[in-house]
Amino acid sequence: FPADDSPEAHFTAGTLHLQLGDLNSAEAQFRQYLQSSRTLNRSQKIGWEWLIHGERELAEQYFQLALEINPHFGGPYLDLAWLYYSFGDYDRALLILTEGMEAFPELLELRGLYALISHFRGFEDEARSQFEAMGMTDVWYCLQLMETGPSVRLDETLDKIEEDFPYWWIERFLNYGYLKMLVQERETTQALARLEDLDRLIFNYQLLRADPALQALREAEGFEALLQRHFPGRAKP
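Residue numbers (the working numbering): 1 to 237.
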């Protein structure tokens with residue numbers, strides 16, 4: 001690899017090297033990909049590959065570069081926030097979102113992720129006020145239902161939210177909250193089943209390996225096999 005000298009071929013080669021656990025070769029290919037066109041989207045795309053595979057420094061480097069390339073777009077603040085959250089740096093995640101909200105007050109996703117992380121950290125008053133300000137009290141109600149375990153009412157509320165608020169970040173982060181609920185209820189078989197079709201942009205290697213809320217999942221039979229399927233370069237047999 002790469003199959004040819006096109007930018008996409010270099011990116012694909014980089015992802016294949018990551019799957020094989022060859023980080024140096026992956027980085028060399030990603031640099032070739034970015035060198036041909038130094039854009040925000042390409043820098044973010046590389047950053048997410050590093051985050052998916054649990055490489056904090058490289059992911060942070062490319063997300064910060066994305067901000068430098070185009071300081072008029074707020075997306076990298078979301079990327080950095082989930083990077084920090086995934087690595088247990090919760091206060092820094094909220095801080096970078098605060099900076100993003102100050103720079104891009106109109107970007108709903110920043111406020112939404114701030115509210116969700118505030119909830120996951122136990123800052124309920126802050127989370128509730130943010131959801132109310134966004135007119136998303138149903139999302140707040142859904143998170144409260146998750147605190148009491150699986151129920152028909154919870155599933156109905158989730159369906160309603162998907163209809164009323166078709167935003168990518170709501171669905172993804174509520175899926176994370178739902179998984180945490182299942183693990184807390186010791187429904188690890190069901191939790192593992194939900195991860196079979198893995199959304200690696202949320203459930204990255206670091207989050208699955210180290211999130212304290214998912215400890216019972218890591219102890220379940222089948223967890224290591226799941227990691228090996230989705231992250232073969234990191235989770236060795």
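No lab work stands behind these hints: they were computed from the structure.
The beta carbon of each residue, even a glycine, is placed where N, CA and C say it ideally should be.
Careful: at least some of the hints might be erroneous.
[Stated by the list, open to error] List of simulated lysine to aspartate or glutamate pairs, EDC-like, C-alpha gap at most 16 Å:
id, residue 1, residue 2
1, 45, 99
2, 160, 171
3, 180, 147
4, 160, 124
5, 180, 199
6, 180, 132
7, 180, 162
8, 160, 185
9, 180, 163
[Claimed, not checked] Quick list of simulated restraints, FRET-style, between CB atoms:
id, residue 1, residue 2, range
10, 186, 98, 32 to 42 Å
11, 164, 5, 25 to 35 Å
12, 72, 221, 45 to 55 Å
13, 218, 16, 37 to 47 Å
14, 185, 6, 18 to 28 Å
15, 16, 125, 22 to 32 Å
Hint consistency between residue 180 and residue 132 [alpha-carbon to alpha-carbon, up to 16 Å]
Cα-Cα ~23 Å, so violated.
Satisfaction of the hinted span 22 to 32 Å by the C-beta atoms belonging to residue 16 and residue 125: violated, 47 Å
Task: Range agreement (Cβ of residue 16 with Cβ of residue 218, hint 37 to 47 Å) - done: For residue 218 and residue 16 the Cβ distance comes to about 27 Å; the hint is violated.
Taking 25 to 35 Å as the stated bounds, is the beta-carbon spacing between residue 164 and residue 5 within them?
Cβ of residue 164 to Cβ of residue 5: about 47 Å, so the range 25 to 35 Å is violated.
* Going straight from one Cα to the other, do residue 160 and residue 185 come out at no more than 16 Å? -> The hint is violated at about 24 Å.
- Given the hint that residue 160 pairs with residue 124, test it: the Cα-Cα distance must not exceed 16 Å. Cα-Cα ~22 Å, so violated.
- Task: Compare the distance between the alpha carbons of residue 160 and residue 171 with 16 Å, and conclude whether the hinted pair is satisfied.
- Result: Roughly 11 Å separates the two Cα atoms, so the pair holds.
Given the hint that residue 180 pairs with residue 163, does the C-alpha gap stay at or below 16 Å?
Since the Cα atoms of residue 180 and residue 163 sit roughly 23 Å apart, the hinted pair is violated (cutoff 16 Å).
Sort out whether residue 199 lies within 16 Å of residue 180, counting only the CA atoms. holds, 15 Å
16 Å limit on alpha-carbon distance, applied to hinted pair residue 180 and residue 162
The given pair, whose Cα atoms are some 19 Å apart, is violated under the 16 Å limit.
Worksheet item: Taking only the CA atoms, is the gap from residue 180 to residue 147 under or equal to 16 Å?
Response: At roughly 10 Å apart (the allowed maximum being 16 Å), residue 147 and residue 180 satisfy the hint.
16 Å Cα cutoff - pair residue 45, residue 99: With a Cα-Cα distance of about 22 Å, the restraint between residue 45 and residue 99 is violated, given a limit of 16 Å.
Hints 1, 4, 6, 7, 8, 9, 11, 13, 14, 15, counting from the list given before, are not met by this structure.
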